[in-house]
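This is what each chain is made of:
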Amino acid sequence: MIQIQNLKKSFRTEEVETLALNKVNLSVEEGEFAAIMGPSGCGKSTLLNIIGMLDNPTEGSYKFAGHEVGGLKERQRTELRKGNLGFVFQSFNLIDELTVFENVELPLIYLKENKSSRKEKVMKVLERMKIAHRAKHFPHQLSGGQQQRVAIARAVVTNPKLILADEPTGNLDSKNGLEVMNLLTELNQEGTTIVMVTHSDHDSHFAHRIINLFDGQIVTESKNRAIGAII
Amino acid sequence: MFKNYLKIAWRNLIKNKVYSWINIGGLAIGIVACLLILQYVVFEFSYEDFHVKKERIYRVQQNRYDNGKLATQWAAGAYAVGNSFKEAIPEIEEYVKVVETGDIIVEVNNRPLKIKEVYFATNSFFDVFSYPLIYGDSKSVLNEPNTAAISETTAVKIFGTNDVVGKNLPISGNRTYKITGVFKDMPINTQLRPDFLASYATYVGMNTNEDGSSPEDAWAWDGCLTYLLLQRGADPTQVEAKFAPIVEEGVGELLKRFNASVEYRLQPLTNIHLDANYMMEPAPNSDGKTIYLLLGIAFFVIIIAWVNYINLATARAIGRAKEVGIRKTIGSKRTQLIIQFFFESVLFNGLALLLALLLMLIALPFFTKISGQPVSYDLFIDAKFWFGLTALFVSGVVLSGLYPAIVISRFRPVEVLKGQMGTTSQGALLRKGLVVFQFAASLFLLIGSLVVYQQIQFMRDQSLGIDIDRTLVIKPPIATDSTFTSQKLALKESLLKYPAVKKVAVSSIVPGEGPGDNAGGIRLLTQDDSEQKQYRFIYVDYDFLNLYDAELIAGRGFSEDFGAERVNVVFNRKGIEQLGFDDPEEAIGKQIDFWGEQCTIVGVIENFHQQSLREAYDPLILRLNPDVYGYFSVKMGAGQITQTIAQAQTEWNTFFPGNTFEYFFLDEKFNDQYKADHRFGQVFGVFTLLAIFVACLGLFGLASFTALQRKREIGIRKVLGASIPGILGLLYNEFALLLVIAFGIAIPIAAFTTSRWLQGYAFRIDMHWSYFVLPFLAIVLIALVTVSFQTIKAAMANPVKSLRTE
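Residue numbers (my numbering), protein chains in the order written: chain A, 44 to 274; chain B, 328 to 1133.
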């Protein structure tokens, strides 16, 4: 699903140029659950943003489902992202002025789905995330765990091929964090590819594979076999 | 999708109530201010607009030159102009002659009824102009002598009905008119608003001499308003160029003797109201400069409101950045975001529009009062009003909504979702630039208001050079006969018997109005014809100078002790200067030629303000005429005013039966001249305050966001030991610099504009540094208070809290 070759990303300010990613080679297969780890500033989030087509690489190739993404314009990236990718953020990133239902409904509106289909899909996913009873609430009326469940509901409502999670449990206590990880695992088991950035060793063990980044380069990759023990 | 936009826009609006009120309130005030002024201006521009042939109608305006120098400018010209021009210039399709004449009295149910606004007009009047005739034939209504058309109201007043064509109407002066037409009452937005329009043929009949010379040939006799209707496609400049040889033939020889000349120019009918203030205007006009100034204020107010929206929307953009990031992440295109934020601008402007309509309903009576314009709620059924409203709405949406929409939609999700979003230096610079504009505009308006106020106060407070206090003026009787002089003297005697009446004088005019009489050809006997000049003159009786307490600077006033005073004259200082004397004493005893009579200068008085201080002193001659027909000035002592008026009326009815007793107090009447200035000052002042208020709203909002944005910085500074005054200084400094820049921009513009405006006044205030510094200090104070609300709160906040929430 994801083929990355010799990918470079640098940021330039007036005085210095910082190399965030340096010759990264990575492939993620369909149905895989990959965790990207590494210390702060190693380039984890930059890599996730490029995989999520929110940012363009400076050099190298990135193919998503066979399409070269590297040189696409914003409009084209938006089109490719729509319905294919779902995002889950550490800080939930729900729109404060929209209700739970409306937040989850938003990606479907951009996909121009009709009202009844939207309603059906949103309610289904909210029920699945066990948050349907809060459909009319606003984000600030929910706990952190509930908000993240809503964020996951919004990420999966379009049934995307890939979910990108950026430290999804970073703002949650251990109980809520575990719930979120279980949800992601469930989704993965149903066939959704997941790429997750995390600091947490605990969370990384939910993944099939752990990719360790250091100073913008992949330093180790390891297969994970201890999932059952953690759950 | 739109439902979603509406939902989020509405919820944002509710969530940020202060911000929303600032924006909607500011925009609404801006719209109201703009609409009120626009409708005022539109009304002023609407003068003569209803005439179907307006594009082809011109007034013939006259300039008089003495010794090659422009001496006087006249709305009216020689009587021969109309027919002579038409005869010689084929581009002239038709002409209209209009001659203003005094009030008349008719008898209704045995009671005298005074009719004002009486004119003679040629038969072409209703054909060239579009004044609607209800009864009568527009082609022939004023063809015959002793016929007249009257207004509908006048017809109803006299006959009780408007269907009066064919009826005879005897008027004062033993003349009877046959009514040949009834016209609709004239609209307010026209200069000629007759109630009684007699045929010009009557006038010609009344003024044709035995030798056959008539006004039709009179080139040296003026006072006739002439309007020309040009042929379609005729070039007015070319027509104008053909005047000179005709005038030369008519009056050139005569004028050359006096080293004088006249020039006739065409003035478009629709320009008269805003562009003309000549002698013998049939009705006062407005000042075009003032109207343009008001238009400028209207735009300032609305632009300030739009700037608020732009400033606040872009400043608040940080708050909306996360939403933009999320929307982009989950599939929104940039164009969709532009539409979304543009839609919010539509919502804000739409709500502002509704509020503006509500405010209009409340403000209209108040505005009518201060502007003196006949505005009514009919405005709301006027298509032009709705057009203006729509134009303001659309302009508001586009001008205020587009830029923030583009800015906000430009945010990159990677940055905003990571919280790396800061203000762009470009956006901050624009906001600062816009704040500078608001400050500069407010400062400009405040300086303008102060100068206008000072000028009006100056005119009111300035000594007139004569005493007009406690002076009751009785208008002259209309129905009189050969006994007028004896009756007049008897009335004076009777009035003086009352203890409250101190002095009584009669004069052809009283202070407060332009001297209607102009005397050309005045020169010292020792001078030749080429040195003659034009003067204004007033006929007075023996008591005039004494009653008005005019200051004699040489010689003496008129007195019965000196016998044949009829050929003696008193000049004002400007008059003797024009005659060629620097020292008033030198002029005493000198003889002048006054229309063929030899008159002796017996006295010189100091210049006094015959009219408002807008007008320069005229060279003036006071000429004694014990038989003078005119106004009765009654100087009263203290107390018993009402009783004295009642007594005066009783006496009046005894000596001038059949004449209405009309009076006014001269100081009030004189101050009426400043009504237009006063109204302008009020309108200017009110809208300046509105502009400043709207600008303050924006400043308040902006200061709130600045304080919010710098919350973390303030927290860190306080932790590191910064004092509250130090923090305040930090926040104030940002605005202080902008104020100084605004001051630098506003001063030269305000200085230029106000001095141009003041040039319209012959007597004006001197520009003073305080007119600039005081408004600046006021704006600084207002800005300081406005900014302080949020700044002090931010400076005093507990840093632990602000740093934790970060």
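It should be emphasised that the hints constitute simulated quantities derived from the structure, not laboratory data.
For clarity, every value in this text was computed on a predicted model and none was experimentally measured.
You may find that some hints are simply not true.
Unchecked claim - The following label-pair restraints were derived from C-beta to C-beta distances: (1) B:A1124 / A:D139: 19 to 25 Å; (2) B:K711 / A:H110: 54 to 60 Å; (3) B:K342 / A:E58: 39 to 45 Å.
Beta carbons are placed, not taken as given, at the ideal position from N, Cα and C, and that holds for glycine.
Now the hints, each set against the structure:
1. B:A1124 / A:D139: 19 to 25 Å: holds, 22 Å
2. B:K711 / A:H110: 54 to 60 Å: Holds: the Cβ-Cβ distance is about 58 Å, inside 54 to 60 Å.
3. B:K342 / A:E58: 39 to 45 Å: Holds: the Cβ-Cβ distance is about 40 Å, inside 39 to 45 Å.
Checked against the numbered hints above, the structure violates none of them.
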